[in-house]
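Same order as they appear, the protein sequences are chains A and B.
All the letters of the first sequence, read from the start, carry residue numbers 1 to 525 under my numbering.
All the letters of the second sequence, read from the start, carry residue numbers 1001 to 1125 under my numbering.
Hints in this document: simulated from the structure, not taken from any laboratory.
Misleading hints may appear alongside valid ones.
Listing some non-contacts, in silico: residues in chain B with all C-beta distances to chain A over 10 angstroms [stated by the list, open to error]:
| no. | residue |
| --- | --- |
| 1 | ASP1062 |
| 2 | ASN1070 |
| 3 | SER1071 |
| 4 | SER1072 |
| 5 | LYS1075 |
| 6 | GLN1085 |
| 7 | LEU1087 |
| 8 | LYS1091 |
| 9 | TYR1093 |
| 10 | VAL1096 |
| 11 | SER1109 |
| 12 | ALA1112 |
| 13 | SER1114 |
| 14 | ALA1117 |
| 15 | ASP1119 |
| 16 | LEU1120 |
What follows is a list of derived Cβ distance ranges for each label pair [stated by the list, open to error]:
| no. | chain 1 | residue 1 | chain 2 | residue 2 | range |
| --- | --- | --- | --- | --- | --- |
| 17 | A | GLY227 | B | GLU1012 | 19 to 27 angstroms |
| 18 | B | ARG1035 | A | THR224 | 52 to 60 angstroms |
| 19 | A | ALA192 | B | ARG1035 | 35 to 43 angstroms |
| 20 | B | GLU1012 | A | GLY411 | 55 to 63 angstroms |
| 21 | A | GLY366 | B | ARG1122 | 29 to 37 angstroms |
| 22 | A | ARG198 | B | THR1018 | 55 to 63 angstroms |
| 23 | A | SER410 | B | GLN1023 | 54 to 62 angstroms |
| 24 | A | VAL365 | B | ASP1100 | 53 to 61 angstroms |
| 25 | B | ARG1122 | A | VAL237 | 51 to 59 angstroms |
No farther apart than 25 angstroms at their CA atoms in a straight line, the calculated lysine-lysine pairs in the DSS-like style are these [as the list claims (entries may be wrong)]:
| no. | chain 1 | residue 1 | chain 2 | residue 2 |
| --- | --- | --- | --- | --- |
| 26 | B | LYS1098 | B | LYS1038 |
| 27 | A | LYS109 | B | LYS1075 |
| 28 | B | LYS1098 | B | LYS1075 |
| 29 | A | LYS228 | A | LYS109 |
| 30 | B | LYS1045 | B | LYS1075 |
| 31 | A | LYS109 | B | LYS1045 |
| 32 | B | LYS1091 | B | LYS1045 |
| 33 | A | LYS109 | B | LYS1091 |
| 34 | A | LYS228 | A | LYS276 |
Where a beta carbon is used, it is the ideal one built from N, C-alpha and C, also for glycine.
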Amino acid sequence: MTRVGVYVLPESLLARFRTVSYERLDRIDSAWVALMQGTGPRSVEDDVFRDLHTLKGDAQVAGFSDVGVLCQRLEDLLSAARGRQYRVNEEVDIVVTMSIQFIGMLLRKKSDVPRTGIDLEGFLAQIQEVLTDAFQRTDAPVIHQPATHLRLADTPGRNAIRASLRLGSVATTVYLEHLRTTGRSRARLRDAWHILVRELEGLEWVPLAPLLERHATSASQLATELGKDVRVTSEAVGIRVSVDVLDTLNTTVLHALRNAVDHGIEPSAARRARGKECAGNVRVTADAAGDFVEVVISDDGQGVDTEAVRRRAAALGLLATEDSPSEAQLLELVFHAGLSTRDAVSDTSGRGVGMDAVKTAVIRVGGSVTLESFRGRGTKLSIRLPQTRSTIDVHAFRAPRSNVLFAIDSGWTLEQVDRPLEAALDAAALLELPVTEGTLDGVDACRAVRLRHINAELTLLAGAAHPGGPAQRICVTVQEDPVEIVTLGGEDALLLRPAALLALTHGDAAVRPAPGLDSARRQEA
Amino acid sequence: MTTQVPPITTAELNATSTFEGGQLATRFVGTADSRAMKSIDSLLKALHEEALRLQVREVTIDLTQLEFMNSSCFKAFVTWIGNLQDLESPKQYSIVFKSDDNKHWQRRSLEALSCFAVDLIRVET
Chain A
1 MTRVGVYVLP
11 ESLLARFRTV
21 SYERLDRIDS
31 AWVALMQGTG
41 PRSVEDDVFR
51 DLHTLKGDAQ
61 VAGFSDVGVL
71 CQRLEDLLSA
81 ARGRQYRVNE
91 EVDIVVTMSI
101 QFIGMLLRKK
111 SDVPRTGIDL
121 EGFLAQIQEV
131 LTDAFQRTDA
141 PVIHQPATHL
151 RLADTPGRNA
161 IRASLRLGSV
171 ATTVYLEHLR
181 TTGRSRARLR
191 DAWHILVREL
201 EGLEWVPLAP
211 LLERHATSAS
221 QLATELGKDV
231 RVTSEAVGIR
241 VSVDVLDTLN
251 TTVLHALRNA
261 VDHGIEPSAA
271 RRARGKECAG
281 NVRVTADAAG
291 DFVEVVISDD
301 GQGVDTEAVR
311 RRAAALGLLA
321 TEDSPSEAQL
331 LELVFHAGLS
341 TRDAVSDTSG
351 RGVGMDAVKT
361 AVIRVGGSVT
371 LESFRGRGTK
381 LSIRLPQTRS
391 TIDVHAFRAP
401 RSNVLFAIDS
411 GWTLEQVDRP
421 LEAALDAAAL
431 LELPVTEGTL
441 DGVDACRAVR
451 LRHINAELTL
461 LAGAAHPGGP
471 AQRICVTVQE
481 DPVEIVTLGG
491 EDALLLRPAA
501 LLALTHGDAA
511 VRPAPGLDSA
521 RRQEA
Chain B
1001 MTTQVPPITT
1011 AELNATSTFE
1021 GGQLATRFVG
1031 TADSRAMKSI
1041 DSLLKALHEE
1051 ALRLQVREVT
1061 IDLTQLEFMN
1071 SSCFKAFVTW
1081 IGNLQDLESP
1091 KQYSIVFKSD
1101 DNKHWQRRSL
1111 EALSCFAVDL
1121 IRVET
């Protein structure tokens, strides 16, 4: 028998739990394969989360707390993958698959037998690494994967990423060619470059409307389940967001919509008694303004019961009984961790994501969230998120004898050195950039700068210094490409990749590498 | 010395097993995608039987020449490890994965795989 707290779970129930759990795992496994291959219907996605959520709950009841913990992390992985529309790299696929297998192994173990040899902590750490690596802001999926990985992937999402990388490479070539050309051809090539960058934006930024429509449908279904008459509508025509913004909006909007249906909209009888039309209305709209996107979820329900919030806050010790907080202060308390648990959010309002988690998720990406309530007339939740491109911190300097701006990933240290210029690699010559006539930083301004990265070292020929800073990645290319175009302070810059540059030299004495470059190549390889 | 483990010989993947100096080893070369899953599953089952027949203390899996293995194929390895764990302790043997540190996918995948049985799995670079 298995002990659960003070209870002892009969073997028959334990066996039943295992059987049902294995079936759930099989379904999750099959669905994951279908989602990765882009062959599963949309309903499969909901089924996966439902199965996983139930498995997690069952495991905790059955005393398999380790299974519960792993289910939670798997849920995190799947949520992140869903936010990327399953455009994830092979590592994510492998770790998700292994997580499902790992859960199966934990279920198989006899509960009264010591689980020697199983390193759950280590496995959870691997998941965390994958979550960090694959879904962090500046690290687009599969970009750092070897070519073999790209070759093997065949899902539609991955094709889009491969197309994006190929287009990035082509756009970079066009940009370099425009630098090398003069006259009207130069202007035409620059126009072509702009067109390609716009195309890249189209691949990297995704329309928001389908996500909002899907969540609106989900909220409508919830209303039906709750026996409520609610019209849920969405509007986000022409709004495109980065996958990071989509990630954040995915869970926050879903929760907010379900919360509005579950808690905001009153039953029809109550609405009639208040002189409202029987059907409630929940609306989600999106608007892009400048570098921000704002999503507003509004309803015509009963509004927030601030008196209930005050009582709850007092019970939790967040307010003294003699305090007299304003309405705004009480509404702010709705975002407080602990207050948006059982009383404020029922089990139907999402996967345990409280309003505090909504606010945390929004703030984490530099956004803000505000809640307005109109007693008896409804609520309005506004989520405002910054829309920025991926950035990379760079050192910068002018190319020698040119106005072209060079950038180097700040992971390398950069210092000016007193070394013969002939010993330095001339990247401008290597890239066949023309000498700019009449530049202020002419031949006399040339100097040698040493780049260091761990044990790697490389000396480059440089022109005038530049303060550097965060550069926007507008045309991402793979690590094997020697150059990527970025913008730094509104100016185009060539982000140089030292090791890939070296590969271009082919042993040419005129552009021979500085001492230590071989080790640089090994580092970046 | 040849073993009773059937090799895999396809255009994408080769896997051959040897038993030399008391060491049972299988070397994978190429790429292993979902098409290779059944072959790998069969190979690992045969390898397991062979390890038990020869009563070896260790089986080496050389992945240094394997360019990539997808998630489906890893399932076969998990199944093998599960079968190994189900054995009584005296019959169990260790698995040594030889990996190439330059193949980033190997590092994380094998580290995750070793968590299934840290007492039985070792990853060498």
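For each hint, the structure was consulted:
For ASP1062(B), the condition that its CB be more than 10 angstroms from all CB atoms of chain A holds, with the nearest at approximately 18 angstroms. Taking the minimum C-beta to C-beta distance to chain A, about 7 angstroms, the non-interface status of ASN1070(B) is violated against the 10 angstroms cut. Remark: the non-interface label on SER1071(B) conflicts with the geometry, its nearest Cβ contact in chain A lying 4 angstroms away (cut-off 10 angstroms). At roughly 8 angstroms, the least C-beta separation between SER1072(B) and chain A is not larger than 10 angstroms, which violates its mark as non-interface.
With a closest Cβ-Cβ approach of about 6 angstroms to chain A, LYS1075(B) is found to fall inside the 10 angstroms limit, against its non-interface label. With a cut of 10 angstroms on Cβ distances, GLN1085(B) falls inside the contact zone with chain A, its closest approach being about 7 angstroms. Distance check on LEU1087(B): its Cβ is at least 12 angstroms (rounded) from any Cβ of chain A, clearing the 10 angstroms threshold; non-interface status holds. Annotated as non-interface, LYS1091(B) keeps its C-beta farther than 10 angstroms from every C-beta of chain A; the closest such distance is 15 angstroms.
With a least CB separation of 13 angstroms from chain A, TYR1093(B) remains clear of the 10 angstroms interface cut-off, as annotated. Listed as a non-interface residue, VAL1096(B) keeps its Cβ farther than 10 angstroms from every Cβ of chain A; the least gap is roughly 15 angstroms. Residue placement check: SER1109(B) does not keep its beta carbon more than 10 angstroms from all beta carbons of chain A (closest about 5 angstroms). With a cut of 10 angstroms on Cβ distances, ALA1112(B) falls inside the contact zone with chain A, its closest approach being about 4 angstroms.
The claim that SER1114(B) lies off the interface is violated: its Cβ sits roughly 8 angstroms from the closest Cβ of chain A, which falls inside the 10 angstroms cut-off. At roughly 5 angstroms, the least C-beta separation between ALA1117(B) and chain A is not larger than 10 angstroms, which violates its mark as non-interface. Interface exclusion of ASP1119(B) from chain A breaks down, the closest Cβ pair being 4 angstroms apart, not more than 10 angstroms. A cut-off of 10 angstroms between C-beta atoms contradicts the statement that LEU1120(B) is not in contact with chain A; the least separation is 6 angstroms.
About 56 angstroms separates the C-beta atoms of GLY227(A) and GLU1012(B), a value inconsistent with the hinted range of 19 to 27 angstroms. Under the hint 52 to 60 angstroms, the C-beta atoms of ARG1035(B) and THR224(A), about 44 angstroms apart, miss the expected range. At about 41 angstroms, the beta-carbon gap between ALA192(A) and ARG1035(B) stays in the expected band of 35 to 43 angstroms. Checking the proposed 55 to 63 angstroms range against GLU1012(B) and GLY411(A) shows it is violated: the Cβ atoms sit about 36 angstroms from each other.
Taking 29 to 37 angstroms as the suggested C-beta distance range, the pair GLY366(A) and ARG1122(B) does not conform, at roughly 44 angstroms. Separated by about 56 angstroms at the C-beta atoms, ARG198(A) and THR1018(B) satisfy the suggested range of 55 to 63 angstroms. In this structure the hint that SER410(A) and GLN1023(B) lie 54 to 62 angstroms apart at CB is violated, the actual value being about 47 angstroms. Evaluation of the 53 to 61 angstroms hint for VAL365(A) and ASP1100(B) yields a failure: the beta carbon distance comes to about 37 angstroms.
For the pair ARG1122(B) and VAL237(A), the supplied restraint of 51 to 59 angstroms holds, since their beta-carbon distance comes to about 57 angstroms. Distance hint between LYS1098(B) and LYS1038(B) is fulfilled; the C-alpha atoms sit about 22 angstroms from each other, no more than 25 angstroms. In summary, the hint linking LYS109(A) to LYS1075(B) is supported, as the alpha carbons are separated by about 18 angstroms, within the 25 angstroms threshold. With a C-alpha separation of about 18 angstroms, the suggested pairing of LYS1098(B) with LYS1075(B) holds against the 25 angstroms cut-off.
Between the alpha carbons of LYS228(A) and LYS109(A) the distance comes to roughly 45 angstroms, so the proposed pair goes past 25 angstroms and is violated. A threshold of 25 angstroms between alpha carbons decides the hint, and for LYS1045(B) with LYS1075(B) the separation of about 13 angstroms falls inside it, so the pair holds. Under the criterion of a C-alpha separation no larger than 25 angstroms, the hint pairing LYS109(A) with LYS1045(B) is consistent with the structure, at around 21 angstroms. The hinted pair formed by LYS1091(B) and LYS1045(B) meets the criterion: a straight-line CA distance of about 16 angstroms does not exceed 25 angstroms.
Straight-line distance between C-alpha atoms of LYS109(A) and LYS1091(B) comes to about 19 angstroms, which keeps the hinted pair within the 25 angstroms bound. Distance restraint check for LYS228(A) and LYS276(A): the Cα-Cα separation of roughly 14 angstroms lies within the 25 angstroms cut-off, and the hinted pair is therefore satisfied.
Comparing the model with each numbered hint stated earlier shows that hints 2, 3, 4, 5, 6, 11, 12, 13, 14, 15, 16, 17, 18, 20, 21, 23, 24, 29 do not hold.
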